[in-house]
Structure formats: structure tokens, C-alpha cells
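Asks: Sequence:
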Amino acid sequence: MKKRRTLKDPRGEAALFQRRSLVGFALIVLGLVALSGRFFYLQVERHDEFVTRSENNRVKPKVIPPARGLIYDRNGVLLADNVPAFRLEVVPEQVPDMQAMLRQIGAVVPLDEDDIATFRKQLKQSRRFESVPLKMHLSEDDIARFAINRWRFPGVDVVPYLTRHYPYGELFAHVIGYVGRIDADDLKRLDPDRYQGTSHVGRSGIERSYEDALHGTPGYALVEVNADGRTQRVLETHPPTPGKNLYLSIDVRLQKAATAAFEGRPGAAVAIDPRNGQVLAMVSVPSFDPNLFVNGISGADYKALTTAPDKPLYNRALRGVYPPGSTVKPFLALGGLEYGVRRPEDTVLSTGEFCLPGQSRCYRDDTRGGDGVVNMVRAIEKSTNTYFYKLALDLGIDRLSNWMGRFGFGQKTGIDLDGELSGVLPSREWKMANSRQPWYPGETIIAGIGQGYWAVTPLQLGHALSIVAGQGVPRAPRVVMATQDNVEAPRQMLANPPTGPSLVSNPKNLDVIKQGMEAVITGGTGAKQFIGFPLVVAGKSGTAERFSRTTSAYDTNKNNAYLASRHRAWFEAYTPADDPKIAAVALLEAGAWGAQDAGPIVRKVFEAWLATQGGAPVAPAPAQTGPAPSGSAQVEDLPAQAESEAIP
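Residues 1 to 648 (the working numbering) are what the sequence shown spells out, left to right.
Because the hints were derived from the structure by calculation, they are not lab data. Careful, some of the hints might be misleading.
Within a straight-line C-alpha distance of at most 20 Å, the following computed SDA-like cross-link-like pairs (lysine to any residue) qualify [claimed, not checked]:
| no. | residue 1 | residue 2 |
| --- | --- | --- |
| 1 | K62 | G106 |
| 2 | K581 | T483 |
| 3 | K508 | G340 |
| 4 | K188 | Q125 |
| 5 | K60 | Y220 |
| 6 | K124 | D141 |
| 7 | K256 | D289 |
| 8 | K311 | L421 |
| 9 | K62 | P240 |
| 10 | K60 | L222 |
| 11 | K121 | R145 |
| 12 | K508 | W403 |
| 13 | K581 | A495 |
| 14 | K60 | Q196 |
| 15 | K581 | T612 |
Now the in silico label distances, taken between C-beta atoms and shown as ranges [to be verified]:
| no. | residue 1 | residue 2 | range |
| --- | --- | --- | --- |
| 16 | M98 | P167 | 48 to 58 Å |
| 17 | S298 | K581 | 21 to 31 Å |
| 18 | L235 | F39 | 22 to 32 Å |
| 19 | M98 | L22 | 52 to 62 Å |
| 20 | S435 | S139 | 22 to 32 Å |
| 21 | R275 | Y302 | 36 to 46 Å |
| 22 | K60 | L494 | 38 to 48 Å |
| 23 | G414 | L78 | 25 to 35 Å |
| 24 | V159 | P497 | 40 to 50 Å |
| 25 | V63 | I148 | 27 to 37 Å |
| 26 | R275 | E429 | 26 to 36 Å |
| 27 | P160 | D578 | 55 to 65 Å |
Being a predicted model, the structure only gives us computed values, none of them experimental. All C-beta atoms in this analysis are idealised placements derived from N, C-alpha and C, irrespective of residue type, glycine included.
Please model the entire structure based on the sequences and the hints provided.
Replies: Spelled out as C-alpha cells, the structure:
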């Protein structure tokens, strides 16, 4: 069967093509209209926004951390400096594979385990667009090797910065302290805006106590970057405000002299100007190098410091607490005069022992057979225990603790350093709060000679001595003397007004104490320590027991090494006696006798101070040989041997 042949319809095909063309053209026009509308929306309606976003891709703000304030001694000697250095920083969001980068970059810039561990810790604490330090203090070789391989590590760059440096190292470690890298705990307490770009914060000492003044305020720069985020040029700069410079009241010459005088033996010394409370020297021996902590101390170095038997990290001047021994006797004598319990001419017979009625065991003097009849001046000179046993008992523990508390014992001195301990001032309330036990007469007796529950810091004793030397006027000790906005600005002295009126109602009472302390130097326990010194010195020694006696027998072992293992050696003094300008205290944790062992330390501090005042060189004190002079040590009972009957 044949198929029917269809005829072409040119008109119909033309009409169909025309319709299709119109539809296609309409679609094209609609597309162009939509595209034009979109272009109009993006280029006109949102022009400002996209210009800003485009500019932000090209121009980046970069935080400029402030330079940390410098620290000087009282004469302008630089103690804490900022030195230029370079570190390796990483921007996490620009690193495709962090693990691979850390593996590869270690072959270019050596990284140890501490570097990696610190970086990972900070990486978790930071936002992805913030730079995180990977390695601090790059060497020139490190920088050169990285520059050659820089193209391999997107998001990693060498960044210049100022790092803290302590030129005197161990000499000021316990006073100035050190800075350390900011950690998670710091981020919680620090102002994020103020600490942008800052990697370090004060950790101890002045660096911590004056962090707000030392830190400053950050600035910023607008920089042009390329597609890889590398800086091409700086468009605009808003400089930061540097931290304030600090001037300490400490004199580096006194600090050196005091430290050298210890000859490596553990202990502490404090010197204060009684006229204004300024600390002239404060040392704790042994010490450590604070530079180790600045950019992250290694595990090995930190372990060596924390496990060292002599505890170099321990600030003995501020936190060391020790029984003061006979150094408290002048304060106690002054209390007896102020309360009217004693007159200067009142005497006590010292026979070698002091007994409470009904008590089988007595309290002895250091001098076998006693010192005979002594008045107040003679008792201070000879350090006669019997006199102060009786005085403490007559005062009673309540008045004794109240009076001694006025001099700052048992509380913080208020020094402008963090971490100070308050020690222990024996009192009925303190014992009840700590042991739920009543107070016994025997405990009052031994409190009168600085034993028993007593615990004072060298700073506390130095502060109390400065009050006596300053005519009884209390002032909080201060380490920072002045601030400075910049190196060209004038110093702004910091006021340190008295914290109250004089503690002494009658100036003649202070004269009696001064006479007794002068007698200590001219003929008492400190008679050999200031021979040839051109100024009149008033002082007092103290030799506090570290262990309780088990018998009443006198210890016949005169070996200095043996005695040093049993005693804490103290010496306190001020000069010139009639117009005191410096008061100093020295403590040796292991010293045979207070005057013999701690006295020379105070002497050397005074010699260094006199040299700073333009005084002529002083001949050194003659070397001591043989046993210590009578009365230079106190070997009293501790609380375990105190009277068992409670005071009602």
C-alpha cells in the first residue's frame, strides 16, 4: 500500500519559526533585564558595601602592640629593657593542613617539644584569624632559612617584636620579677582590646604588681596585602601609647653589696629609708635568672629550679617566715614604757634562770649565771632573757600582741608587691582559732624573747625597725619611687604619706630604746661588727632556735657548723642613730650567732649606702674568731614546754 505524500506548508513553518524566535528573543530580553537589574543592584544599590568589602580584602588593619615600660633603679640604671627580636607566627585560617605544616617547618626552623606544646595550647585558645606564635626569639640562621622556604608555608611569617630583657639577671629577680607568655587563665581576666597583639604579661614582682602602668595601649596600622595576605605597604599608622617607665627606690649598688655579703648562704636582707618608707635594697638568696621565663622556660630548666634544695624561686624577703628571736626585745621594751609597766631605771636580777611559781622547769638566760642586776638599757645591750621574760609576763599576752601588732607584725606591711605573707603574731585569739586551745603563761614568757608561735618575714621586721627609726611614724614600705610617661618626660614622684600618727606618745621613750641599741653596738652582742664605722649605729642581734630544747643543760658544742644547723641568725640596725636615714635587717637561715653571722651583712649594706652619700671609704671590720660574745644567742623553750595552767 502506498503512503500518502504530505505537502510542505511554507507559510505555517514560517509562522512557527517566527513564534519561536519571538519567544527566544523575549527570553533573552528578560535575561538581559534580570542581569541588568542584578548589575544595578550590586553596582548601584550595594555599591558602598562592596567597595568596602573589596577594600578590606586589599587593606587590612594590623594591631601594633605597645612597648612595655622600662624599669630603672633610683639613679636611672636600667633594670628591665625591651630588646628587638623575631618570632615565627601562624595565622590558622590561612594554613590548609596544620599537621603537615608543623612536620615540614621543623626541618627549616628547629622546633622542640616545648615549642609545639605551647603552640598547640595557644592555638586552642585563639581565634582562627589571629596570629599565634610558634617559635620565639629566632636566630639569624632561623630567619635566613625560613626566608628561602617562605613560599612553602602560607599563613606563616617572621614577625619582629620587642622582648623583655633583665640586664642584672639574678640580682633583681625577686623584686622586679619577670614576664611570661599569655595563657588561657590570662585571657579570661585581661581586657581583649587592650591586649590585642600582646604576647606577654607580668608574672611576678614589679612586673605583675604594676602591670597596668607598664603595659600601655595598643595602636594599629592599615596595610595593603596581596592575594596571599602578605603585606605590600603601610597606608596609615596610628602609633600605640607605650607603658609608663618605673623608677625603683632601690639602689643597684646597695643591692649588689647585700647580695655579695651573703656569699651564697640562704637568707634575705631588707633596707628601708625610715624618713619616707622607700625600700633601698631587698634581696633573697639564692636567686634565679628571670630571663629564662620570658619566652617560655624549658622543662629541664624549670625542673632544676623547682627541685633545687635551696629553693631559688622562694622569695625569702617577702614570703619567708621565721621566729625573730631577740630582735623583738627593743619593741617589747618600748611597749613596757608606753604602757607604764616599766620605767627605764627599773631593774631585774638575772641569775641565769626565770621560774614561774609552781613550775618545775625554768626558763634560762643564755649567760650561765645570768647578767646580774640590769635596767632596760643594760637588758637590751646584754639581751638579758630574764628581763624580757618578766616584762612579757607583766604586760600579758593581750597587751603584748596589741602593741606588737601596731608595728605591723602578724599582718601584711602594704608594700607595693604581690605575694606578701602576714606571718604570725602570738595572741590568745590566734591560738584559739588555730588549735582550739587556751593560752598558757609559759607561752607569754617565750613570746617575750621572739620564740614560740612567732613567725615574721624579713620585710616585716625591717618595716617595724623603720618605724622605730622614724620616730614611731608608720609608713608602708614602697619599692616604686616614681613613674615616667616616656624617656623625655619628667619623673612623677609617688607620694607615700604616713599611715597614721606616731605610735609613741613620749619621744623620750624612743631615746631609751636608742640608748640600749647603741649599747649593743658599743659593748654588747654587736660590739665587733661596726669597729671603724664613722657613724653611730643602733642595732640588735637575734639568734632564734629552729628546734626545741629537750633538757635544761647548756649546749657545750661550740662548733659553728653545728650551731648554724640549729639557729636562725638575725641582725637589725639603723644609722645615723640620732638622725636615721637607713634601717636594715639581715637574716641567715642557718647562722651560728646573730651578731657574728648576720651583723657583717648589715655592715656591708651600710658601707655601700655611705659610699652613695659621698662618704669616705670605710675600713672593713676585723675578722672574728672564737665563740660569739655572751648573750648573742637565745635558747628558749618552745610551746611544748610552756606552763600547762591556762590564764583565766
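Asks: Does each hint hold? Answer for all of them.
Replies: Against the structure, the hints:
Distance restraint check for K62 and G106: the Cα-Cα separation of roughly 27 Å exceeds the 20 Å cut-off, and the hinted pair is therefore not satisfied. For the proposed pair K581 and T483, the alpha carbon gap of about 23 Å is over 20 Å, so the pair is violated. Taking the CA atoms of K508 and G340, the gap is near 13 Å; set against the 20 Å cutoff, the hint holds. Proposed proximity of K188 and Q125 is supported: the alpha carbons are some 10 Å apart, at most 20 Å.
For the hint pairing K60 with Y220, the CA-to-CA distance comes to about 10 Å; that is within 20 Å, so the pair holds. Proposed proximity of K124 and D141 is contradicted: the alpha carbons are some 29 Å apart, above 20 Å. As the CA atoms of K256 and D289 are separated by approximately 15 Å, the hinted pair is consistent with the 20 Å bound. Straight-line distance between C-alpha atoms of K311 and L421 comes to about 17 Å, which keeps the hinted pair within the 20 Å bound.
Proximity of K62 to P240 is assessed by CA-CA distance (about 12 Å); at most 20 Å being required, the pair is judged to hold. Annotation: proposed proximity of K60 to L222 holds, straight-line Cα distance about 6 Å (limit 20 Å). For the hint linking K121 to R145, the alpha-carbon distance of about 26 Å lies beyond 20 Å, and the restraint is violated. Under the criterion of a C-alpha separation no larger than 20 Å, the hint pairing K508 with W403 is consistent with the structure, at around 18 Å.
About 18 Å separates the Cα atoms of K581 and A495, which keeps this hinted pair within 20 Å; it holds. Straight-line distance between C-alpha atoms of K60 and Q196 comes to about 15 Å, which keeps the hinted pair within the 20 Å bound. Restraint check for K581 and T612: the C-alpha separation of about 12 Å stays at or below 20 Å, so the hint holds. A hinted range of 48 to 58 Å for the beta carbons of M98 and P167 is inconsistent with their spacing of about 38 Å.
At roughly 44 Å, the beta-carbon separation of S298 and K581 lies outside the given 21 to 31 Å, and the hint is violated. L235 and F39 have their C-beta atoms about 30 Å apart, which keeps the hinted 22 to 32 Å range intact. With their beta carbons about 59 Å apart, M98 and L22 fall inside the hinted range of 52 to 62 Å. Taking 22 to 32 Å as the suggested C-beta distance range, the pair S435 and S139 does not conform, at roughly 58 Å.
Under the hint 36 to 46 Å, the C-beta atoms of R275 and Y302, about 41 Å apart, fit the expected range. Look at K60 against L494: about 41 Å separates their beta carbons, and that is inside 38 to 48 Å. Checking the proposed 25 to 35 Å range against G414 and L78 shows it holds: the Cβ atoms sit about 28 Å from each other. For V159 and P497, the Cβ-Cβ distance of about 46 Å falls inside the hinted range of 40 to 50 Å, so the restraint holds.
Between V63 and I148 the CB atoms are about 28 Å apart, so this pair conforms to the stated range of 27 to 37 Å. Between R275 and E429 the C-beta distance comes to about 34 Å, which sits within the given range of 26 to 36 Å. For the pair P160 and D578, the supplied restraint of 55 to 65 Å holds, since their beta-carbon distance comes to about 57 Å.
Checked against the numbered hints given earlier, this structure breaks hints 1, 2, 6, 11, 16, 17 and 20; the rest are met.
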